[in-house]
Each structure stands twice: as C-alpha cells, then as structure tokens.
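*Asks:* Sequence lines, in order, name chains P and D. For reference, each letter of the first sequence is one residue, going 1 to 335 in my numbering. For reference, each letter of the second sequence is one residue, going 1 to 410 in my numbering.
Hints were generated in silico from the structure; no laboratory data involved. Careful, some of the hints might be misleading.
Claimed, not checked - Pairs of lysine-lysine, DSS-like flavour, derived with a Cα cap of 30 Å:
#1 D:Lys269 - D:Lys347
#2 P:Lys93 - D:Lys401
#3 D:Lys347 - D:Lys285
#4 P:Lys86 - D:Lys321
#5 D:Lys303 - D:Lys64
#6 D:Lys153 - D:Lys250
#7 D:Lys312 - D:Lys285
#8 P:Lys98 - D:Lys401
#9 D:Lys384 - P:Lys93
#10 D:Lys120 - D:Lys208
#11 D:Lys208 - P:Lys175
#12 D:Lys228 - P:Lys69
#13 D:Lys174 - D:Lys230
#14 P:Lys69 - D:Lys120
#15 D:Lys312 - D:Lys121
#16 D:Lys153 - D:Lys269
#17 D:Lys228 - D:Lys172
#18 D:Lys153 - P:Lys93
#19 D:Lys208 - P:Lys86
#20 D:Lys384 - P:Lys175
#21 D:Lys230 - P:Lys175
#22 P:Lys175 - D:Lys408
#23 D:Lys135 - D:Lys153
#24 P:Lys69 - D:Lys321
#25 D:Lys230 - D:Lys172
#26 P:Lys175 - D:Lys177
#27 P:Lys175 - D:Lys269
#28 D:Lys285 - P:Lys98
#29 D:Lys120 - D:Lys321
#30 D:Lys401 - P:Lys86
#31 P:Lys93 - D:Lys321
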Amino acid sequence: MATTAVKTTMQKYRLVRGVVPSARWYEPVGFLFLGYFAIFLVIVLPILFSFMLSVYDVRNSNIRMVLNKIGINIFALPFAFPDLFKGLDNYMKLLTDKDFIGTFIRSVIWTGVNVFFHVSIGIWLATLLNRKLPGKSLFYVLLILPWAIPQYIAATTWKGMFNSQFGIIPAIFEKIGVNDTIRYVWGMQDVSWLSNPYLNFVACILVNIWLGFPFMMMIALGGLQTISSDYYEAADIDGATAWQKFNYITLPLLMPIMVPAIILGTVWTFNMVNIIYIFADAGRVSEETHILVTKMYVDGLQYFRYSYASAIGVFIFIILTLFAVLYMKATVKED
Amino acid sequence: MRRSFSRKLVALASVVALLGLVLVSCGGAKKEVTINIWEQHDDTIDKVFDGLIEEFMKANPGIKVVRTHYGTEDLREQFRTAALGGGGPEMIFGPNDNIGTMVQTGILMPLDDMLAGVLKKLSPAAVEASSLEGKVYGLPILVGNTLTLLYNKSMVDKPATKMSEIIALTAKYKDGKTYPMVFNQTEAFWFVTFLGAFGGRVFAADGKTPTLNTPEMKKALAYYYGLKQKGVIPKESDYDVSDKMFKEGKAAYLINGPWSFQGYADALKDKLGIAVLPIVDETGKPILAWNAAKTVSVNANIKDKAVLAAVKKFLEFMATKDFQVKYALVAKESPANLEAMDAPQIKADPFINATANQVKQSIPMPINAEMRAVWDAIGPTLKKVMSGAMTPDAAAEGMQKIAEAKIKEM
Chain P
1 MATTAVKTTM
11 QKYRLVRGVV
21 PSARWYEPVG
31 FLFLGYFAIF
41 LVIVLPILFS
51 FMLSVYDVRN
61 SNIRMVLNKI
71 GINIFALPFA
81 FPDLFKGLDN
91 YMKLLTDKDF
101 IGTFIRSVIW
111 TGVNVFFHVS
121 IGIWLATLLN
131 RKLPGKSLFY
141 VLLILPWAIP
151 QYIAATTWKG
161 MFNSQFGIIP
171 AIFEKIGVND
181 TIRYVWGMQD
191 VSWLSNPYLN
201 FVACILVNIW
211 LGFPFMMMIA
221 LGGLQTISSD
231 YYEAADIDGA
241 TAWQKFNYIT
251 LPLLMPIMVP
261 AIILGTVWTF
271 NMVNIIYIFA
281 DAGRVSEETH
291 ILVTKMYVDG
301 LQYFRYSYAS
311 AIGVFIFIIL
321 TLFAVLYMKA
331 TVKED
Chain D
1 MRRSFSRKLV
11 ALASVVALLG
21 LVLVSCGGAK
31 KEVTINIWEQ
41 HDDTIDKVFD
51 GLIEEFMKAN
61 PGIKVVRTHY
71 GTEDLREQFR
81 TAALGGGGPE
91 MIFGPNDNIG
101 TMVQTGILMP
111 LDDMLAGVLK
121 KLSPAAVEAS
131 SLEGKVYGLP
141 ILVGNTLTLL
151 YNKSMVDKPA
161 TKMSEIIALT
171 AKYKDGKTYP
181 MVFNQTEAFW
191 FVTFLGAFGG
201 RVFAADGKTP
211 TLNTPEMKKA
221 LAYYYGLKQK
231 GVIPKESDYD
241 VSDKMFKEGK
251 AAYLINGPWS
261 FQGYADALKD
271 KLGIAVLPIV
281 DETGKPILAW
291 NAAKTVSVNA
301 NIKDKAVLAA
311 VKKFLEFMAT
321 KDFQVKYALV
331 AKESPANLEA
341 MDAPQIKADP
351 FINATANQVK
361 QSIPMPINAE
371 MRAVWDAIGP
381 TLKKVMSGAM
391 TPDAAAEGMQ
401 KIAEAKIKEM
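Same shape as in the complex, but just chain D:
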C-alpha cells in the first residue's frame, strides 16, 4: 500500500514538472524567435562562426540562431528534401553552384527586397555571382574559389607569366617522373580556364544556350592535348595524383584553388609560391579562372513575419564589415563586403591576397541549372580527347550535342 502511494506521488510530481516545463517553454516561445542555419564548414571555421552567432544573439536577445553542420553533398540533399516537404531550415550556407537547380525547384526566396539595404556594400561581382535572371538568391559572404598558379620555389625562382616559360621547362625534366606542371587534367573545372584563354565561353550571351562547338573550343582542346603530348603535364593525372606530385617536389607548377593552400604550405613550408595564372602565348590572353561565391540563401517556405524579420536581421549582420573580416580570416578567402576587402588584416593575409589577385583575373561561374549539363558534356568528352580516342573537332561537336540533349530533357 505504501509503495503504491509513493509511486503515485512520483508520477504526480513528474507530471507537474513536465507541465511546468511545457509552460515555461511556451512562455519563452512568445518572446523568442528561432532561426536555423545549415552549413558545411570545417571545424576551425565553425568555432569562429559560433562565436559570431553568439555575438549576434547577445545584440538581439529575441532571436535564437541554431547552427547545424552537414557534409557538402548532404547539405544540398537534406535541404532539398526538407524544403520540398514544406519545412527545412530558414537559411542554407554553402557554395553557390547549386543555386540554379534549387531556384528551378522553387525552394529559394529572391532576396532583392530583404537585402536592399546591404547590396551596395558588397562587391558587384559577388552579387552577380549570386544572382539568377536578375534576382538575387543568396547573400555572398566570400568570393573566390578560383583556380590559381602555385609553384615550388626550390624548382623555379620566380613564377612564370607566360605558358611558354613553363613549356620550356620540359627540356629540363627528362626523368619521366618530374614534370613542369600538374593539375587535375581530366576535370572540366580545370579545362574551362584554358577555354577562357582562347576567348571561349560555355554559354551564349543569354546565359542559357551552350556554345561548345566553337573554333575557340577546338583550339583550346588541341592546346590542352598538346600540353600532354609535349610532356608539359603527365600522361594522366587527377586531383590526388597532382596533389601528391606537387607536395613531393615532382612538379614545378600546380593549378589548384584556395581550399588547398594550407596543405601545400604545410608540405613545402616557405618554398610555396602563389601567383596568378599565366598567359597563353598563342592568344596573348591569360588562363581565365572561374570564381564562385559562398552564399547564404533563404528557404522559400518561410511565411511567418517575425521569422522573416529575424532572418533579415541575421543576414544584415552577416553582411557587415566586422563579420566578414573575422569570417574571411579563418575561411582564408576574400570577403564580399567592399570595406572588409580593404581591411588591413585582410590585405596582410598572403592566402587571401593571392585569391583576391586571381579573382581580378576571373569570370563568375554560371550557376544556372543548365551548367550541370555543360559539366557533364565537357567532362567525359575531354577524357576522350586526352586519351587520344577523339579529335578536338569531333569532341567539340560531341560536347554540344550532349549538352543540348541533356538541357532539352531537364
């Protein structure tokens, strides 16, 4: 009898406690708005980002920001699935290259009104890189992601400004193990920079119609294949192979992006040099990198006015000079805020500076949904050219056909 009484007491107590909790949380919810942001940062960036969020929440007591981490691919898939189901986080923070597909799906909100106050503070190139058909779909935080020229100072004294200087090195390295230059030569992202040196663009002026079957493309493909034939680059090298060769001092030059700088600085110490991509002598034009932005986009499902206001506040906070300087210093890429770009700490950082220099010699990567088809058209066809299974002329024609067919079926 006694036991059952005490049991009842415990049950009663827990019910009361639960009720109390519910009441407390209800009371809190009335004052506080929670906004969620999903991201794909490295740990080091997250630590700084968390501190910045903390700062924001202190300044805005009514808003709670919840950060959730995902891997890059997961971030996209999870956000897509959640948003299609009518839910999902308020904001997604990541590379802007999938904005096009998400806009086509209709899960991103145009931000022109929300960001009206801050857009003019940002680099126009970064805003353009985050826009699609005249509407802004993301707040740019970083600009960069450009491929650039890295060199080993123990192998060359000063960086080449012309490809001919690099090609001339072929005479020097004849052991079959060392090469003047390496890069991920089968990946389309590397090839399109050479296309730019020949004046080619993947889309016509409308930004949608693929223009792959052009004389520029044929020349670029022939040049690219020629580099291999001349022994300037290895017979076959993907990302990992070129990475390893450069770290081991088996290649004088490497083309890679800012994400890789730290690893090479660790491996080569003070022998690592970074410069802008050289000029192709045949055209007199530089190898043209593609830049991309890291952006925050907003879920189209938000209806609540209070939540929208909170999101607006947070985005405005992320657009400030203060936020962007602190964030860029740890993310090691150029900030999008114009004032932040000129900040002395940013100017003093060699890695950020290197990317900023290359960004000046770059074009924004198209972010529309059609780009996926272009990547898939160039990638496999390029491999055929590089393995000698296809002539550049036939390849250009083939690429165009594949891209058109894929876009038609989208």
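Next up, chain P with everything else stripped away, as it sits in the complex:
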C-alpha cells in the first residue's frame, strides 16, 4: 500500500529513475535564455558594435547625422549610409602608420615588463610572508597599501616625486649615479623624467610596477597557503636545497592559481589608461609615450574619431584574445 503511494507520487512528479524531471524541451532553454541574453547584451553586442563601427567612417562631423537617422541601431548603418562604408581602410591606416607600429611595440614592452615584475615581486614577497615572521600582519598591510590608494592620487603624487628639480627620485638617482649613466649613454644634457618622453615612459612603468605587485602578491599568498607542508618535509628528507624546493614544488603548484591571474594582469595592464594619461599634462600624451589604449582614448574621446578608435579597440581585442588562448594552451600543456 505504502509503496504504491510512493510510486504514484514519483510518477506524478516524474521522479522515476531514468526520467528527466522535466522532459519538455523548452524548459531548460527557457531557464538558460536569460543568461544567454545577458551575455549577448553585454558582451557580444558591444563587440559587434565596435567591429561594425570600425569598418565605417563615423566621426565628430557626421555622428549627429548618423544618430538622427538610425539612433543606436548600428546595424541599420549599411542601409542608411552605404557611402560611409570604408571596408578595412581604418585597419590599413593603422597597420601602415609608422607611429602606430611603435605604439604597438611600446604596448607590448609596457605590458611585458610590468607583468613580469608584478608577478616576480608578488611571488617573492608572498614566499617571504608565508613563513613565521614577527609583525607579519603589519608587513602585509604595508605591502597592500599601493593597491588601496586610488590610482589617480598615487599617480599624481608620483608625478611630483619625479620632478627633476624638487622631486626625491631624481635626487636619489643623481646621488647613486643613474642620471650620470643616462647622460653618458644617451648623451642627454638634461635628465628630466617628466619632460623627456622616453624617460617619462620609464617613469610610468616604475610607477605601475609599484601599483600592480600587491594584487599578484595576494593571489600568490593565497596559492602558497594551499600547498601542503608534506611536500617540503619530503624534500627536506631528500636533502633538497631551498631553490630546488621553490623550483620543483612551489612554482609548479602555484602555477594553476597564477595563470588566470597573469592573464587578468596582462589584460588590465594592456588596457591601463590612468598612469600614462595622468603623467602627461592635460592628456597631451606625447607620441613617444602612447600605448594602444591611451591612443584609443585620445582618438575616441577627445578627437571623436569613433571609427578609427573602434578599429584600435578591435585590434586590442584580437591581440588580447590571441594572447589568452595561446598562453592557456602553453601552460595547460606543461601541466
């Protein structure tokens, strides 16, 4: 009696083994639809939007005409303004522009140097903090500070510290001979870290390294705490050196945690407008200091060259996607 009651209830709610609770095909689709729709709205659509914009010629002088006719429905562009279609012109303009190639190389240097130091300083500090240390929490707070200070304030303060007349950094550099080296090697008369575009770029990198390492340190510290001490004990018994322990235990076990952080860090650094923008007065970034994203910012939001800036945006998107995919592939293989 009781068993039949259970059976009928189960049948009623389709809980019989082997039967999907809800067999109607549209139900899962209905549940997932919202998620897909949100992704489409906030990710796919803007990418399509950018790409669309980049193959047309929309700029300050015609944006109002375009918007008046089609609103934000950019997919009506081909029908409303066929004569604005420029194909890959914007991309060709980018790739044949000598300055742009320089900007691209500078972006790669900017990102590479920054992320390298972020990660290595971050892991180094994390290993130091991941041991018994008096006043550990104090060090932790001090080291995390650069991350807690608003970037604008940090950059403005650093800018003052780099002033070649009154700043502390050029004063130190003068004392320890860095400025003399620069004078000798490049034959520079005045070593000014704000006015000379090349030195300015170096100064920006130094500031950004300072700003970025705490994040990597946090991630690495989190990773280190998950590594069991058994490995180190075993290594001690085998007589491994500290470097061997780091190289063969810590690093490989840390990598699964660091890889996403490195990808994130690369994307963030590649797309970092603030430091370079603030270091140049009123956004007048010198051509020798621009990276891709500052160029996009200035072209798009100050000169209102919407299409050209979109082309840079799509270019950045492709570069970063390629990087993420290749990097994931390379590190997954190692595992």
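Following the hints, position chain D against chain P.
*Replies:* Just chain D now, with coordinates in the frame of chain P:
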C-alpha cells in the same frame, strides 16, 4: 474580511491621490515652461546664481529655470551625449573653449537672431571670442581667463615691466631653491603667450591653417629654453610645483590666471601684487596673454516655440548690466556687458581690475575644433625642447607636422 476591505480602501485612496497629482501637474504644465541650464560653477558662485535665477522666475512667472551642476569635464561629456541622443538641457554654461568641437558635431544653435537685441551691449571682443565662422554660438557672461603676472611684494618692490628686470634677478638668487620666476612651463597655454611676444600666431589669417613652423616660433622656443638655461625659471616645474613655490616665497614672479588669485591672496596676504605681463626686450613686444570667455550656449535640439521664447528671455536677462555685475563680483572676472564693465563696484574690485587690465593686452583664444590639434602638437614637443631632446628648429617643424596630420584626420 475587514483587513482586506481596509486594504482596498488604502489602495483606492492612493490611486485617487496619484490621479490628483497627475492632473495637477498637467494643469501646471500648460502654463509653465521649464528650461534647464547645466553649469560648472564653484559653490560660492552657485549661491549667487541661484538668487539671480529666483529673481528671474519672480519676474517671469510662466518660466521655471532648473539649474544642474557638473564638473567641467563631465559637463561637456554629459551635454554632448545627451544632445547627440536628441535631448539634453536647453542651455550649457561654461568655458567657451569647446564650442568649436560642439559646433562641428552640430549640437549648438547659432544665436545671432535670438541675441540680436543684446549683442551691441556686449564687449565686441567677448562676442568675437564666442563666435565661429561669423556666427555667434554663445552669450558671453565673463571675459578673462587671461594669464597675468603675479609678484611677491616682499621680494620685489614694484612689478617688472621688462623681462630683463626679471632675468637680472638671477644674480640675486643663487641657493638653487629660489627663482626669479615660475609658471607651468610644460603646458602649451603658458608657452603661447611667449609666442605672441615674438609676433607668432598659431593659425593663419583664415583661422584654420596652423602656422607653427615659423621663424617666430623658433625664436620663441629658443627664448623659452634660454630662460631655463639661464636659471630664470626652474629646471622643471608644472602647475602644482610653481603654485607651491610662489606661495612659499620661493619665487618672486608667477604667471597664472584669475582662477588662482584668491588662493595667493590667502597665502601672501597684502604681499600679493598683480600686474600685466612684461615686455620681451628682444622684440619690444609684451608677452601676449590669450583671453577666453565664459558663455551660455543653446542646445540645437530645441524645437518648441514656447521653450525657445523662454530661453531667449533668460539669455536676455543674463545679458543685463544688473545680472552681469552681481555675477562678475562673485566670479571675480570681468563682465562682458559694457555698462557692467564700467560699474563702480566692478572698477573697485582689485582682482577684476587686474584681469581687465590684462585683457586689454591679450588676444582671444581660438575656439575652433582645430585648436585641439594645435594644443596636442605644441604640448609634447615643447617638453622635448625643454628637456634638451630637440632643437627649437626641429621642434617647430615637428609641431607643424603633428598639427597637420591631426587636423587631416579630424
């Protein structure tokens, strides 16, 4: 049962109340026109401005003026975005230097007809500064924004009229911390005043073609760099550094604008002196400041006749002597209305007077869209000259190339 009845009652009451509200507001809308104005004032100015708006609304009961505050950059971006979307406020009140870009976008209305009655009451220079290609795009409220010479009376007795007097001070200050003169030396806005002393202009007579690769530019750059080499100005000083040095008595002279006067008066008390920019001995011409206006521009999207009429009334109110005197006294710059300029209260204000004197020795800042390219061409190149990485000759050539390339792509 009782509970649900009382609930229904509450619901009914609120619906009735809402309906009543809607009806009331509809009834009001028929009589009243609302016009919006966006601005970027300091708090002290806003208090006075609000009082003036109140005055206007009392005199014109059918018009409601709504004021909204933004930061300078936000004001431009928000207005631009809103106007491009077909909406936005009726009026935008701010510095006129972005009028060119907005006209190029097509979001500002030419005001020649609307202001026909009041233009002749305003300073012609101010009207010119608010015009582009023969059309007026803004009602000037203030003229000024000029760089001028400030000096510390405890370091020099009377202001220099010639640069040579300032240069001579180099012999006096040898501690490496005190300088005869400071200013924001890497910013193009400061440099162009020196270009003027050598007779150079950034645009040709057509107001569009950049003329940066000229003998005047080369001479001005060499002179500017020379000031640093001679130790007249520090090796490197931006706005903040020069501001601090002057406040601390580490510099006898400073070049800065009216926006900064109050801060220096607070720091130096009665030791602050203000004078017009000196003459460059080599040319016999004065360092030529650029003036700019603070203007009210009108959104091109307005179609409604009643709204246009209300905007016209409000602009006419803002052009009156009475409004401009009260506004200028708190904004501390010269009014654009000719009668207001001569008002005794205005004449008696030392700060406004100082700016007014400098305005006489100034030229209007170009406001066309091409100016942005010129700023971006001069700024970074100037830094290279000042750091010795580029000769003045090469820099002039480089500036011209950058400006031309940027304008071509606009």
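*Asks:* Could you run down the list of hints and mark each one as holding or not?
*Replies:* Hints, one by one, checked against the model:
For a cut-off of 30 Å, the pair hint linking Lys269 of chain D to Lys347 of chain D stands: about 21 Å separates their Cα positions. Of the supplied pair hints, the one linking Lys93 of chain P and Lys401 of chain D holds, its CA atoms being roughly 17 Å apart against a limit of 30 Å. Distance hint between Lys347 of chain D and Lys285 of chain D is fulfilled; the C-alpha atoms sit about 27 Å from each other, no more than 30 Å. Taken as a hint, the Lys86 of chain P and Lys321 of chain D pair is broken in the structure, with Cα atoms around 53 Å apart against an allowance of 30 Å.
Under the criterion of a C-alpha separation no larger than 30 Å, the hint pairing Lys303 of chain D with Lys64 of chain D is consistent with the structure, at around 18 Å. Of the supplied pair hints, the one linking Lys153 of chain D and Lys250 of chain D holds, its CA atoms being roughly 12 Å apart against a limit of 30 Å. Restraint check for Lys312 of chain D and Lys285 of chain D: the C-alpha separation of about 42 Å exceeds 30 Å, so the hint is violated. As the CA atoms of Lys98 of chain P and Lys401 of chain D are separated by approximately 14 Å, the hinted pair is consistent with the 30 Å bound.
The suggested pairing of Lys384 of chain D with Lys93 of chain P holds, with an alpha-carbon distance near 27 Å, which does not exceed 30 Å. Of the pairs offered as hints, the one joining Lys120 of chain D and Lys208 of chain D holds, with about 27 Å between alpha carbons and a cut-off of 30 Å not exceeded. At most 30 Å may separate the alpha-carbon atoms for a hinted pair to count; Lys208 of chain D and Lys175 of chain P exceed this at roughly 49 Å. A distance of roughly 55 Å separates the Cα atoms of Lys228 of chain D and Lys69 of chain P; the hinted pair therefore is violated under the 30 Å criterion.
Among the hinted pairs, Lys174 of chain D with Lys230 of chain D is consistent with the structure: their alpha-carbon atoms are about 12 Å apart, no more than 30 Å. Distance restraint check for Lys69 of chain P and Lys120 of chain D: the Cα-Cα separation of roughly 39 Å exceeds the 30 Å cut-off, and the hinted pair is therefore not satisfied. In summary, the hint linking Lys312 of chain D to Lys121 of chain D is supported, as the alpha carbons are separated by about 16 Å, within the 30 Å threshold. Simply put, Lys153 of chain D and Lys269 of chain D have alpha-carbon atoms about 10 Å apart, close enough for the 30 Å limit, and the pair holds.
Simply put, Lys228 of chain D and Lys172 of chain D have alpha-carbon atoms about 16 Å apart, close enough for the 30 Å limit, and the pair holds. At roughly 56 Å between alpha-carbon atoms, Lys153 of chain D and Lys93 of chain P are farther apart than 30 Å, so this suggested pair is violated. This hinted pair checks out: Lys208 of chain D and Lys86 of chain P have alpha carbons roughly 27 Å apart, not beyond 30 Å. Our distance criterion of 30 Å between C-alpha atoms is met by Lys384 of chain D and Lys175 of chain P, whose separation comes to about 24 Å.
For the suggested pair Lys230 of chain D and Lys175 of chain P, the alpha carbons sit about 24 Å apart, so the restraint of at most 30 Å is met. Taken as a hint, the Lys175 of chain P and Lys408 of chain D pair is broken in the structure, with Cα atoms around 47 Å apart against an allowance of 30 Å. Restraint check for Lys135 of chain D and Lys153 of chain D: the C-alpha separation of about 45 Å exceeds 30 Å, so the hint is violated. Under the criterion of a C-alpha separation no larger than 30 Å, the hint pairing Lys69 of chain P with Lys321 of chain D is inconsistent with the structure, at around 43 Å.
For the suggested pair Lys230 of chain D and Lys172 of chain D, the alpha carbons sit about 13 Å apart, so the restraint of at most 30 Å is met. Among the hinted pairs, Lys175 of chain P with Lys177 of chain D is consistent with the structure: their alpha-carbon atoms are about 18 Å apart, no more than 30 Å. The hinted pair formed by Lys175 of chain P and Lys269 of chain D fails the criterion: a straight-line CA distance of about 39 Å is larger than 30 Å. For the proposed pair Lys285 of chain D and Lys98 of chain P, the alpha carbon gap of about 41 Å is over 30 Å, so the pair is violated.
Note on Lys120 of chain D and Lys321 of chain D: the hinted pairing holds, with a Cα-Cα distance of about 13 Å set against a maximum of 30 Å. Between Lys401 of chain D and Lys86 of chain P the CA atoms are separated by roughly 25 Å; this keeps the pair inside 30 Å, and the hint holds. At roughly 53 Å between alpha-carbon atoms, Lys93 of chain P and Lys321 of chain D are farther apart than 30 Å, so this suggested pair is violated.
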